[in-house]
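Just so you know, we're using the numbering used here here: the sequence shown kicks off at 1 and counts up by one.
Just so you know, the hints here were simulated from the structure itself, not pulled from any lab data. Treat each hint with caution, since some may be false.
Claimed, not checked - Simulated pairs of lysine to aspartate or glutamate, EDC-like, Cα-Cα distance not exceeding 16 Å:
#, residue 1, residue 2
1, Lys94, Asp69
2, Lys205, Glu281
3, Lys204, Glu281
4, Lys205, Asp283
5, Lys3, Glu27
6, Lys204, Glu326
7, Lys314, Glu242
Unchecked claim - Here are the in silico distance ranges between beta carbons for each label pair:
#, residue 1, residue 2, range
8, Ser151, Gly56, 14 to 24 Å
9, Lys23, Glu242, 22 to 32 Å
10, Pro96, Met1, 32 to 42 Å
11, Val62, Glu163, 47 to 57 Å
12, Gly116, Asn275, 14 to 24 Å
13, Asn275, Ser160, 46 to 56 Å
14, Glu242, Ser93, 13 to 23 Å
15, Glu237, Thr279, 50 to 60 Å
16, Glu90, Gly56, 39 to 49 Å
17, Thr54, Glu90, 19 to 29 Å
18, Thr127, Ile293, 14 to 24 Å
19, Met191, Lys45, 52 to 62 Å
20, Gln65, Lys100, 15 to 25 Å
Where is the CB? At the ideal position from N, CA and C, for every residue including glycine.
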Amino acid sequence: MTKIFLTGATGYIGGDVLHTLLKSHPEYKVRALVRDASKGAAITKTYSQVQLVTGGLDDADVIAQEAQDADVVLHLAATGHLKSVQTIYETLSKRPGTAKPPYYIQISGASALAAGELADKSRVFGTGSDVIYNDLTGIDSIKSLIKQYPSRAVDNYIFSVSEQNSNVKTALVVPPIIYGQGRGPGNQRSMQIPGLAKATLERKKGLQVGSGESRWGNIHIADLSSIFLNLVEKAVESDQDENIWGANGLFFTGAGELSFAEISRRIAVAANDFNLIPTTEVDNLNAKEIDSIIPHGSVLLGTNARAGADRARKVLGWEPEHESLEEHIPTTVIQEAEALGIKAPHRSEWPSSSHFGGFSQLRAMYREALEICDEGWKMREEAMKQDDSVPGDEGADDWDFIYVLIPGDEEGRFCGEFEENNKSPFGKLASLHPNWPWVFTMRGVDRFKWWRQECCKRIQDDFSIYDRNYIGAYGALEVFENILAYFDSVFQPNCDYRDFWPEVEGIALILLARQRDFNITKLHDSKHARDEIVGSLVLATIDALKRQDVFKPNSEIHNLGSALLTFIHWRLDMFYSCIAFFNIYDESLPWIYYRKIKKLRSSPAGWMDRSDILRGHEFDITTMTEVERWEHEDKWRRKAQN
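Build out the structure end to end from the sequences listed, making use of the hints.
Written as C-alpha cells, this is what we have:
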C-alpha cells in the first residue's frame with residue numbers, strides 16, 4: 001500500500017490535492033499534518049480514512065518521523081519554510097540506497113520569477129515584460145535567475161540537492177495565479193482573483209497596479225491538482241525518468257495568461273453587468289495604494305511571472321480540462337458579492353415586454369459567448385464609444401434605424417411549404433440544412449404552435465418569461481439567413497468598424513435567443529456550436545478590417561445590431577395576444593415597432609439620457625406617413641433578400 005505524507009491538507013491547494021488523490025486512488029494511505037484538533041476535524045468529517053498527525057512545520061521530530069515512513073512526501077503547506085524542507089529531504093536521504101527511492105514533491109510560487117523585479121527598486125509596479133520562461137528548454141536560465149536571490153531559499157535548496165547524487169527523487173511545482181473553488185476540507189478560496197474582485201465590489205470601481213501591463217500565468221485549481229496527481233502516480237510506479245525528477249524536476253503550471261489590466265477590466269465589466277457596481281472604469285493605483293487595499297497587492301498584481309506548463313505537457317501528458325480564467329471571472333464576482341452580502345438591485349433574468357431595462361445578465365452572456373481576443377474587445381470599445389464625430393452619437397447604444405427582418409412573401413414565411421398542402425412538421429430548411437436540429441427546420445406555423453404548447457406545460461412564471469421572449473413565431477432562421485445576406489452589402493472595403501460590428505453582435509444575440517430553444521429540447525452541446533459560429537465570424541471580420549485599416553470612428557453608422565437587439569427584446573407581442581397570427585402582416589411592422597418601443601421607452605428615457613423617439617441618419621419613422629413607412633420597409637426588405 002502506497003504511503004503518502006501530506007502537509008497543507010486544510011489549505012486551498014493541499015486540500016484540493018487531497019481530494020484529487022483520494023478520489024482517484026482511495027487505496028492510498030494518506031497521513032496529513034494538522035496544527036490542532038479543530039483543523040483535523042474538518043478533514044476527518046470528509047475523509048475518514050485520512051490519518052491525522054498533529055504538529056507544526058517547526059516540529060522537526062514529527063515531520064522527520066512521518067517522512068521516514070512515507071513513500072511520497074507532498075509538502076504543500078508553505079513555499080518558504082526552509083527548516084521543514086531541510087528536515088524532509090535530510091530524512092529521506094538517509095534511506096539505504098538499495099531501498100525503493102523516496103519521492104519528494106515541493107510546492108513553490110510563481111513570484112520566484114519576479115525576484116529580479118522585486119530586487120530592482122527603480123522598477124515601476126505594473127510594468128509589463130516580454131520575458132517568457134520555458135521549464136522544458138530553459139531550465140538552466142530559470143535556475144540561474146532564482147539562484148541570484150537568497151530570498152528564494154526553498155527554491156534554491158531544492159535546486160541544490162536535486163543536483164546531488166542522491167536517491168531522493170525531487171520535483172518542484174510552481175503554480176501561477178490559481179482560480180476556481182477548491183474541493184478540500186478547509187479553505188476553498190484562492191487569493192489574487194477573489195481579492196481583486198472583493199476590492200472592486202467594496203470600492204464600487206475597478207482597480208489595477210499602474211498601467212496593468214504586468215502578466216502572470218493562470219491555472220484552474222483542479223487542473224493544478226491534476227499535475228500533482230500525475231507526479232504522485234509516477235512516484236508510485238517508481239518512475240525514475242530524469243526529465244521528471246531531480247535536476248530537471250521543475251514544473252511551471254500556467255495554462256493561460258492575461259494581463260492584470262485585462263483581469264481588472266473583466267472583473268469590472270462582470271460586476272457592472274450584474275448591476276453590482278455603477279461603472280466599468282478601472283483606477284490605476286500605485287504600489288502603496290494597492291497594498292493598502294490588498295495585502296501584498298503590488299507583488300501579486302503588479303509583477304511579471306510568465307511561464308507555461310511545457311514540461312507537464314511534454315513529460316506527463318497533462319492538458320488543462322477546466323474553464324479558463326476568462327470564463328470563471330463572472331463566477332468569482334458573484335461569489336465575492338455573496339460573501340460580502342452585496343445584492344444587486346433586482347433585474348429580471350430576461351427582459352420583459354413591459355420594461356426597457358433588465359437585460360444585464362443577457363449582456364453578460366453575449367459578452368462571454370463572443371470568444372474574442374482581448375485586443376478585439378479593446379478595439380471594439382474604442383470604436384464604439386461616444387465621441388464628437390457623430391452628432392448625437394450614443395456609442396454602442398445608438399438607435400439609427402429600425403430594420404424588419406422577415407421573408408417578403410407568404411411562401412417564404414413558411415419555409416416554402418403550406419400547412420394545408422403538407423402535414424410534415426419540417427419545411428424546406430430541413431433539406432437545405434440536414435445537420436441542423438429539428439427545432440430549427442420546423443415550418444413557421446408548426447414552430448409557433450409547438451412553442452405555445454411547450455410554454456403552456458410550464459409554470460406561469462416560466463411561461464411569461466419564455467413566451468414573451470421567443471424571437472417570433474416563424475423562428476430565427478429566416479432572420480439569421482437575412483442578416484447573413486445583408487452582411488455582404490455592409491461589409492465593403494471602405495466600411496467603418498462600426499458598420500460591421502453591430503452585425504456581429506446582432507447575430508450573437510439571435511444565436512443566444514436560440515439557446516433557450518436548445519435548453520428546452522435538451523441539446524446542451526449547442527453552446528459550443530454557437531461560440532464557434534460567432535467567434536469565427538468575429539475573428540474573420542476583425543482580421544479583414546485590420547488589413548484595411550478602418551478602425552476609425554466616423555459618421556457612417558449602420559447600427560444593425562441595435563435594431564436586432566430591439567427585435568429580440570421587444571418583438572411583436574401580438575403574435576401571442578389578440579391579433580391573429582396571419583393578420584399580423586396586415587399592418588406596417590415598422591409602425592408597430594414604433595408604437596411599441598416608444599411606449600416602452602417613454603418612462604426610462606430620462607435616466608437613459610436619450611430621446612424617447614427613434615431616429616437616426618438612415619430615416620426617422622416618427623415623421624413618416626403610413627404609406628412612407630410601408631415603402632421604406634419594402635426597400636430594406638428587398639435589400640436583405642437580394
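Check whether the Cα positions of Lys205 and Asp283 lie no farther apart than 16 Å.
Holds, at about 7 Å.
Given a hinted range of 47 to 57 Å, is it respected by the beta-carbon distance of Val62 and Glu163?
Cβ of Val62 to Cβ of Glu163: about 29 Å, so the range 47 to 57 Å is violated.
With a cut-off of 16 Å on the C-alpha distance, tell me whether Lys3 and Glu27 pass.
The given pair, whose Cα atoms are some 10 Å apart, holds under the 16 Å limit.
Return holds or violated for the Cβ distance of Gln65 and Lys100 against the range 15 to 25 Å.
holds, 19 Å
So does Thr54 sit 19 to 29 Å from Glu90, Cβ to Cβ?
holds, 22 Å
Is the gap between the beta carbons of Glu242 and Ser93 within 13 to 23 Å?
Given range 13 to 23 Å: holds, Cβ gap about 18 Å.
Can the restraint linking Lys204 and Glu281 be considered satisfied, given a maximum Cα separation of 16 Å?
holds, 10 Å
Has the given pair, Lys94 with Asp69, been kept, meaning a C-alpha gap of at most 16 Å?
Measuring from Cα to Cα gives roughly 12 Å; hence the hint holds.
Going straight from one Cα to the other, do Lys204 and Glu326 come out at no more than 16 Å?
violated, 21 Å
Cβ-Cβ distance between Gly116 and Asn275: within 14 to 24 Å?
violated, 42 Å
Hint says 50 to 60 Å; check whether the CB-CB distance for Glu237 and Thr279 agrees.
holds, 54 Å
Taking the beta carbons of Asn275 and Ser160, is their distance inside 46 to 56 Å?
holds, 54 Å
Comparing the model with each numbered hint stated earlier shows that hints 6, 10, 11, 12, 16 and 19 do not hold.
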